[in-house]
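The whole structure should be built from the sequences, with the hints applied where relevant.
For the record, the sequence lines run as chains A and B. All the letters of the first sequence, read from the start, carry residue numbers 1 to 296 under my numbering. All the letters of the second sequence, read from the start, carry residue numbers 1 to 374 under my numbering.
Just so you know, the hints here were simulated from the structure itself, not pulled from any lab data. For glycine and all other residues, C-beta sits at the position ideal for the given N, C-alpha and C. One or more hints might be untrue.
What the hints assert, rightly or not - Quick list of simulated restraints, FRET-style, between CB atoms:
1) A:Pro202 with B:Glu367: 45 to 53 Å
2) B:Gly57 with A:Asp279: 36 to 44 Å
3) A:Pro202 with B:Glu131: 44 to 52 Å
4) B:Gly237 with A:Asp87: 28 to 36 Å
5) B:Gly52 with A:Arg58: 51 to 59 Å
6) B:Asp139 with A:Thr257: 21 to 29 Å
7) A:Thr231 with B:Arg324: 54 to 62 Å
Stated by the list, open to error - Covered by chain A, per the in silico footprint, the following chain B stretches (three or more residues, Cβ under 8 Å):
8) 133 to 144
9) 248 to 254
10) 271 to 278
11) 306 to 318
12) 334 to 347
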Amino acid sequence: MSIIIDSTTRVLVQGATGQEGRFWTKHMIELGTNVVAGVTPGKEGEEIEGAPVFNTVRRATEEFPADASLLFVPPGFAKDAVYEALDAGIETVVVLAEGIPVHDALRIRRAALSEGAMVIGGNTSGVISTGEAMTGFFPYWIERVYRPGRIGVMTRSGSLTNEITAQIVKADFGTSSLVGIGGDAVPLTRFAEVLPLFEEDPETDAVVIIGELGGTMEEEVAEAIEDGTFTKPLVASMGGRTAPKGTKMGHAGAIVTAGKGTVEDKVTALEGAGALVADQPSEVGELLQSVLTKVG
Amino acid sequence: MKLFEYQAKELFEESGIPIPKGKLVINVPELDGAVEEAGLPCAIKAQVLQGGRGKAGLIQLASTDDEVRAKSEQILEMIEDGHGLLVEQALDIDKELYLSITPEPVSGSALVMASAEGGVEIEEVAQSTPEKIIKERVDVSEGLLPFQARNVMFELGLDKDGVKQGSAMLLNLYDLFQRYDAELVEINPLAITEESALIAADGKITIDDDALPRQERFSLSRDYFESDIAYEASQEGIPYLKFDGDIGLLCAGAGLTNVVYDLINYARGSVDSYVEFGGPNYRKTAKALELMMKTEPKVVLVVTFGTIARADVIAEDLVEAIKRLEPDFPIVTAIRGTGEEKVPDLLGEVGLEQLEDTEEAVEKAVELAGSAKR
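In structure tokens, the structure reads:
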């Protein structure tokens with residue numbers, strides 16, 4: 001089992017016929033993802049790796065109902081594309097684009113919350129249930145990075161994810177599902193909103209979060225542990241401990257403002273709630289070994 | 001993109017938010033016209049993007065023509081970059097308030113913040129007396145509603161006329177926030193004059209860089225950056241940061257870069273600069289190396305673990321760039337991810353060694369930086 005996506009999830013790909021869309025749709029299908037259709041306005045009648053392409057999400061889903069949609073659309077068009085997916089009743093939407101305007105992201109998040117849908121991203125590699133299916137781009141064929149297993153992962157960074165999953169594999173574990181929350185200032189789904197899914201998943205034994213400076217998502221995870229929403233072992237690795245204040249460290253969301261968002265505060269909150277915090281990526285494996293042995 | 005004060009005030013004026021009388025001047029000969037407009041006494045304010053202008057002597061009061069000239073010359077000498085001086089009517093201020101609007105990511109709304117303790121940094125108020133900050137959350141699909149603006153203004157303790165002026169001001173400010181894709185609109189201080197008029201004495205507007213493609217009125221030029229390199233990097237869409245240490249970080253992916261930055265500090269090394277070419281930028285390795293050469297680090301550390309940012313492509317481009325540019329600093333490499341099996345041979349062409357482990361690479365770079373001559 002896994003969360004958000006598995007081999008039975010019917011996946012629609014919006015923006016499938018572009019270069020990136022084609023390349024990764026092929027890999028998604030090779031992994032076992034059930035891609036039912038693609039959508040690109042003006043390209044109806046074409047095919048993408050055997051899946052039919054439609055002009056609109058509405059026309060696609062009339063023939064091929066979908067549970068999830070993956071968006072390969074440029075950031076300026078993300079809002080429209082998400083709304084189109086939500087309008088067709090799709091409940092899980094993954095937005096890969098980096099650079100979605102903040103005001104668009106606020107509106108998307110607002111709309112998703114009121115529809116009860118989960119929109120994940122932006123600025124993310126997507127979601128993968130290792131060995132089963134993915135919506136996004138992960139080099140699942142690199143064995144030292146992606147091995148099926150029982151550790152759930154949530155991350156604010158694509159580049160750091162491979163670094164950490166390599167440590168997980170090195171410690172002789174594998175991953176169940178990996179959710180790319182993304183590096184934007186307004187993540188469309190937050191860490192704490194994914195945690196209940198990992199809590200319920202019988203095939204996830206522990207969760208690793210890959211956080212960084214900025215925002216309050218890690219603190220919300222600490223709250224979820226404290227109020228009993230999440231009870232499994234949790235290990236956190238966070239970048240930006242030594243970052244100067246007030247500097248935007250690469251990601252739009254990676255900035256300490258008004259004294260908020262320091263890694264120090266996040267460590268205090270998480271450790272206070274009983275989570276384990278790795279000082280550096282290489283410690284993640286040992287920490288997992290320590291908690292999972294204890295659990296038995 | 002942070003706007004200069006005079007630009008923020010132009011937007012204020014257009015939207016009906018009262019501002020002090022004044023004029024922007026680029027040089028000393030223009031001062032006469034400006035003083036005529038602003039009257040005496042007046043405030044002379046350097047148009048630079050740095051904070052703390054008052055303490056730095058970049059804002060000064062003058063009450064005679066001679067004083068205006070002397071102080072303007074003095075300030076102009078202190079600023080290299082920037083957009084000249086804003087000469088403004090000096091207000092008779094009775095009270096200073098604070099007013100701002102920012103995105104609120106948790107609920108997906110906009111957040112109005114106000115305080116009766118204006119004129120100081122809101123961060124200070126937030127830390128010492130958070131109860132003194134008034135907050136009103138705005139549904140972005142509805143926009144700010146008049147009753148919400150009244151809520152804020154009555155909470156600030158304004159009288160009936162003040163509430164009327166303040167509500168109109170806040171509604172206009174929200175309109176600017178929305179129309180210009182702002183990450184911040186701020187009036188601090190919001191002055192209440194002795195004649196009970198509400199006037200935006202200072203203004204800050206930051207426009208979301210990701211929205212600039214649809215904000216035709218504003219575009220980033222050299223004036224908005226600290227250095228030529230920072231501007232050049234921005235034009236290429238490459239995140240660039242400058243610090244004052246030894247090691248140049250050439251990394252793909254912001255998350256990984258931040259961890260490498262920490263690891264260098266843990267290892268008692270120091271970072272010179274940060275050039276990040278991950279994600280869609282991964283084909284800009286050569287450009288990134290060029291930028292790096294201009295910042296003159298002692299050692300360059302290349303760390304990637306990319307998916308889309310293919311390791312083989314990065315290694316190939318790096319090798320080619322090294323051959324062409326012949327950098328004179330040592331380079332440490334850990335280039336991993338998609339296509340990584342081809343990397344060791346590629347790097348071998350220019351005598352570089354592929355390291356598998358980030359921490360090992362960091363240690364090596366710190367060691368080299370320690371022994372390098374400057």
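Okay, Pro202 (chain A) versus Glu367 (chain B) on CB: inside 45 to 53 Å?
Since the Cβ atoms of Pro202 (chain A) and Glu367 (chain B) sit about 47 Å apart, the hinted range of 45 to 53 Å holds.
Verdict on chain A covering the segment 248 to 254 of chain B, where coverage means 3 or more residues with a C-beta closer than 8 Å:
That given contact holds, which follows from 4 residues of the segment 248 to 254 of chain B lying within Cβ reach (below 8 Å) of chain A.
Between the segment 271 to 278 of chain B and chain A, see if three or more residues pass the 8 Å beta-carbon test, and mark the coverage as holds or violated.
holds (count 3)
Proximity test - 8 Å, beta-carbon atoms, the segment 306 to 318 of chain B to chain A, at least three hits:
Three-residue rule met by the segment 306 to 318 of chain B, so holds; n is 4.
Would you say the C-beta atoms of Gly52 (chain B) and Arg58 (chain A) sit inside 51 to 59 Å of each other?
Holds - the Cβ-Cβ distance for Gly52 (chain B) and Arg58 (chain A), about 54 Å, lies within 51 to 59 Å.
Range hint 36 to 44 Å: satisfied by the CB atoms of Gly57 (chain B) and Asp279 (chain A)?
At 43 Å between Cβs, range holds.
Do the beta carbons of Thr231 (chain A) and Arg324 (chain B) sit within 54 to 62 Å of each other?
holds, 57 Å
Whether chain A covers the segment 334 to 347 of chain B (at least 3 residues having a Cβ closer than 8 Å to its Cβ atoms)
Three-residue rule met by the segment 334 to 347 of chain B, so holds; n is 4.
Verify the coverage statement for the segment 133 to 144 of chain B against chain A, using a C-beta to C-beta distance below 8 Å and requiring 3 or more qualifying residues.
holds (count 3)
Outcome of range test on Cβ distance (Pro202 (chain A), Glu131 (chain B); 44 to 52 Å)
holds, 46 Å
Go ahead and decide if the range 28 to 36 Å is satisfied by the Cβ distance of Gly237 (chain B) to Asp87 (chain A).
holds, 32 Å
Between Asp139 (chain B) and Thr257 (chain A), does the C-beta distance stay in 21 to 29 Å?
Hint holds: Cβ distance 23 Å, inside 21 to 29 Å.
In the structure shown, no violation is registered for any of the earlier numbered hints.
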